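Student: Letter by letter, the chains look like this.
Number of protein chains: 2
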Amino acid sequence: MDIRVNFERLKGDIESLAQIGRDLKGGITRPSYSKADLIAQEWLKEKIEAAGLLLRQDGAGNIFARLEGKGKTIMVGSHIDTVINGGMFDGAVGVLSGLECLRRIKEENLNLSKPLELASFVDEEGNLVGDFLGSRAFIGLLERETLEKGMTQFGIPFTDVLKGTQFTIDSIMEAHKQRLEIESFLEIHIEQGPTLEMENKPIGIVDSIAGKHYRWCAFLGKASHSGTTPLELRHDAFLGLADFALRSTQHVATKHYGSMVTIGKINVHPGAFSVVPGQVDFSFEYRSTSKETLEELEKSLLALAEDIASTRGLEFKSTVVDKTEPVKMSPRIIEMMKEECQKLGYPFLMIPSGAGHDAQIIAREAEVGMIFIPCVDGISHSPEEMINWKDLEKGANLLLAVLLKLAG
Amino acid sequence: MDIRVNFERLKGDIESLAQIGRDLKGGITRPSYSKADLIAQEWLKEKIEAAGLLLRQDGAGNIFARLEGKGKTIMVGSHIDTVINGGMFDGAVGVLSGLECLRRIKEENLNLSKPLELASFVDEEGNLVGDFLGSRAFIGLLERETLEKGMTQFGIPFTDVLKGTQFTIDSIMEAHKQRLEIESFLEIHIEQGPTLEMENKPIGIVDSIAGKHYRWCAFLGKASHSGTTPLELRHDAFLGLADFALRSTQHVATKHYGSMVTIGKINVHPGAFSVVPGQVDFSFEYRSTSKETLEELEKSLLALAEDIASTRGLEFKSTVVDKTEPVKMSPRIIEMMKEECQKLGYPFLMIPSGAGHDAQIIAREAEVGMIFIPCVDGISHSPEEMINWKDLEKGANLLLAVLLKLAG
Numbered sequence: 045m046d047i048r049v050n051f052e053r054l055k056g057d058i059e060s061l062a063q064i065g066r067d068l069k070g071g072i073t074r075p076s077y078s079k080a081d082l083i084a085q086e087w088l089k090e091k092i093e094a095a096g097l098l099l100r101q102d103g104a105g106n107i108f109a110r111l112e113g114k115g116k117t118i119m120v121g122s123h124i125d126t127v128i129n130g131g132m133f134d135g136a137v138g139v140l141s142g143l144e145c146l147r148r149i150k151e152e153n154l155n156l157s158k159p160l161e162l163a164s165f166v167d168e169e170g171n172l173v174g175d176f177l178g179s180r181a182f183i184g185l186l187e188r189e190t191l192e193k194g195m196t197q198f199g200i201p202f203t204d205v206l207k208g209t210q211f212t213i214d215s216i217m218e219a220h221k222q223r224l225e226i227e228s229f230l231e232i233h234i235e236q237g238p239t240l241e242m243e244n245k246p247i248g249i250v251d252s253i254a255g256k257h258y259r260w261c262a263f264l265g266k267a268s269h270s271g272t273t274p275l276e277l278r279h280d281a282f283l284g285l286a287d288f289a290l291r292s293t294q295h296v297a298t299k300h301y302g303s304m305v306t307i308g309k310i311n312v313h314p315g316a317f318s319v320v321p322g323q324v325d326f327s328f329e330y331r332s333t334s335k336e337t338l339e340e341l342e343k344s345l346l347a348l349a350e351d352i353a354s355t356r357g358l359e360f361k362s363t364v365v366d367k368t369e370p371v372k373m374s375p376r377i378i379e380m381m382k383e384e385c386q387k388l389g390y391p392f393l394m395i396p397s398g399a400g401h402d403a404q405i406i407a408r409e410a411e412v413g414m415i416f417i418p419c420v421d422g423i424s425h426s427p428e429e430m431i432n433w434k435d436l437e438k439g440a441n442l443l444l445a446v447l448l449k450l451a452g
Numbered sequence: 045m046d047i048r049v050n051f052e053r054l055k056g057d058i059e060s061l062a063q064i065g066r067d068l069k070g071g072i073t074r075p076s077y078s079k080a081d082l083i084a085q086e087w088l089k090e091k092i093e094a095a096g097l098l099l100r101q102d103g104a105g106n107i108f109a110r111l112e113g114k115g116k117t118i119m120v121g122s123h124i125d126t127v128i129n130g131g132m133f134d135g136a137v138g139v140l141s142g143l144e145c146l147r148r149i150k151e152e153n154l155n156l157s158k159p160l161e162l163a164s165f166v167d168e169e170g171n172l173v174g175d176f177l178g179s180r181a182f183i184g185l186l187e188r189e190t191l192e193k194g195m196t197q198f199g200i201p202f203t204d205v206l207k208g209t210q211f212t213i214d215s216i217m218e219a220h221k222q223r224l225e226i227e228s229f230l231e232i233h234i235e236q237g238p239t240l241e242m243e244n245k246p247i248g249i250v251d252s253i254a255g256k257h258y259r260w261c262a263f264l265g266k267a268s269h270s271g272t273t274p275l276e277l278r279h280d281a282f283l284g285l286a287d288f289a290l291r292s293t294q295h296v297a298t299k300h301y302g303s304m305v306t307i308g309k310i311n312v313h314p315g316a317f318s319v320v321p322g323q324v325d326f327s328f329e330y331r332s333t334s335k336e337t338l339e340e341l342e343k344s345l346l347a348l349a350e351d352i353a354s355t356r357g358l359e360f361k362s363t364v365v366d367k368t369e370p371v372k373m374s375p376r377i378i379e380m381m382k383e384e385c386q387k388l389g390y391p392f393l394m395i396p397s398g399a400g401h402d403a404q405i406i407a408r409e410a411e412v413g414m415i416f417i418p419c420v421d422g423i424s425h426s427p428e429e430m431i432n433w434k435d436l437e438k439g440a441n442l443l444l445a446v447l448l449k450l451a452g
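Those sequence lines, one after another, are chains A and B. Per my numbering, the very first residue in the first sequence carries number 45; after that it's consecutive. Per my numbering, the very first residue in the second sequence carries number 45; after that it's consecutive.
Careful, some of the hints might be misleading.
Pairs count within a copy or across copies, as identical chains cannot be separated in the list.
Claimed, not checked - Computed list of lysine-lysine pairs in BS3-like fashion (alpha-carbon distance at most 25 Å, straight line): (1) LYS361 <-> LYS79; (2) LYS449 <-> LYS116; (3) LYS266 <-> LYS309; (4) LYS361 <-> LYS309.
Derived by calculation from the structure, the hints in this document are not laboratory data. For clarity, every value in this text was computed on a predicted model and none was experimentally measured.
Pulled out of the complex, with its shape left as it was, chain A reads as follows (with noise of 0.2 Å):
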């Protein structure tokens, strides 16, 4: 079964997906459930019907493509939302991907033993509710008050956001019921990071997806004039920051190679020229692959920030906002994609996702895979967003080719 992808058309796909949803400032902004959304759906359930796969959408939109076969599901899917001003590959790679194997497989007719299934699963980005809307709904993980009082990015209520669209919070609640038994995941996607590239790899095998902690934080001392208050009378909470920022960088850098810390979020009260910062609220997150190193960040760095807050004569608060665990791919496909590699002679690199995936909430239902390529400068949810196409090509062959191996 020595069959390839249609490279032109699945990139001619996902040129013809770019097109829906351009926003004003160059990029993508196709949120689910957006008009631009639901205009990508219909044209996604368009190429799905030309390709004589069986259709189907569940109660949260979640689209699938199904080849018939006995025994459980081999799946494969991503997502085609996008984040605010995003760009055209993220998610778009891996369902499209993911449509033109099954599109491959259907053409050669190929009398594989077990049913194949694409999946496009709505909100990854977590526009709306959280990250992984539809493969949370897919499981069967979600919480009717999360929907039910969900605020949305935009600032409306997610119950808004439903009107316009054949979604009710009850179909979304439901949609775990029509699922059927899966055995394997795979999805394909964009690095959204530097490695791959500055390795010169054109396949990144994933062996994990790291876990992450996000807090809001904060340090509270006291506003002051800044001409008239000495600096070993102050209380400056931005300094705690910074030395927060600092020292937090350095143990992760130092004791936990690979994990990630990051200050992405600031504000500074009250936050003028002659004033000694009183207070500061910044987002806190870390990420790794390891459980136990996210459990020793969670210790260590709280108490560190404990730590300078005391020194400092400061305060300091904590909320989490979000936590995930983290998920190892399972060693049996990644053993699959290394024969595959060696086999079709593309260099290939483990590398553990630093980003969340849907893949990581199939997880808990069945053994899951993930395929990297490289993307440009590492830049991601941006319109600068690019990839090298001959990349994409050796990734959708791979994928086509551990799929064919799954579902025997």
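Fit chain B to the supplied structure of chain A, relying on the hints for placement.
Tutor: Okay, now just chain B, sitting in the frame of chain A:
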């Protein structure tokens, strides 16, 4: 001439003026030329006329009360405008203590050799077109363009602010032509810092007013995905600022004791949980009572920022927003103040002023001296601004004694 101020009358005046311009947050909002300020101006003029002093208002809105004499004028003054949501003592203490001194001298029918004049300068707080509008107009330091093109901090052109008043750009520009020659200028003010209170001294004799450099700066790096960009490959603009904040503070604290450095306003871009900061814009201010130190700080701190930028793969940018030179108080007046403190039995501390005052502008044309009184917890520019009234009584008596000495 062993006379004292009428303290209850002075306290009553301060409490009365504090009723004009009360805002909903429990403070006072009385920027110059606002309705509240025009009412306060009328209130002050009535007080001056009731005291039998010669009232004059110049084309900038500065209000004067004169006791005639021969030769150059001995002036005392401050301002009655406030910051937004400010307190009741900043400025008001100086104007109303000066008024009380002149009132007492008039009541006693003292025959002084030199003329005495109270001045209440407009917009010391710089709500409109930079600090010290009134005293700059009085000395003749304004540029017409600043007024014509000036945007106020309320987001409207300065020329619009003038529309509700009798003042025009012409009248402000001409104000200094009405000025008589000044020999000495005295100002009493709250410290706006914690030092006097901590040292338990009712009187601060100011030896100098710090100069300051206001800069608007930026570190520019590269925004990237916080989950997929390894720490060692990041160009995190915020970590550059964190490093700079700690090291610039350390430099000033260890090498220039008494000088100040402050980062008070910070904007991080793009400012999201999962994005490594690509740019951070921030205010950067340093102050010193020594011209040489200020020059050293300019050179060494900007070099430090460049060094940090180059080490961390960032770019550093900086533009000057404002620069003022340090000003020395008159040694002759300082000596008089010390002597009078000893006679009156008031403990005092020699102290620099980190904040700016009208006195530093008047210093261009006359010898100047300043008296500080403590404020509770060092708090100023806030509804919580408070004093120990007994300290004010001492400060006003000292002011009166020095005025009498200067006026012969």
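Student: With reference to the structure, classify each hint as holding or not holding.
Tutor: Evaluation of the provided hints:
1. LYS361 <-> LYS79: neither (40 Å within a copy, 42 Å between copies)
2. LYS449 <-> LYS116: within (14 Å within a copy, 102 Å between copies)
3. LYS266 <-> LYS309: both (21 Å within a copy, 15 Å between copies)
4. LYS361 <-> LYS309: For LYS361 and LYS309, the Cα distance is within 25 Å both inside one copy (16 Å) and across copies (21 Å).
The structure fails to meet hint 1 from the earlier list, while all remaining hints are met.
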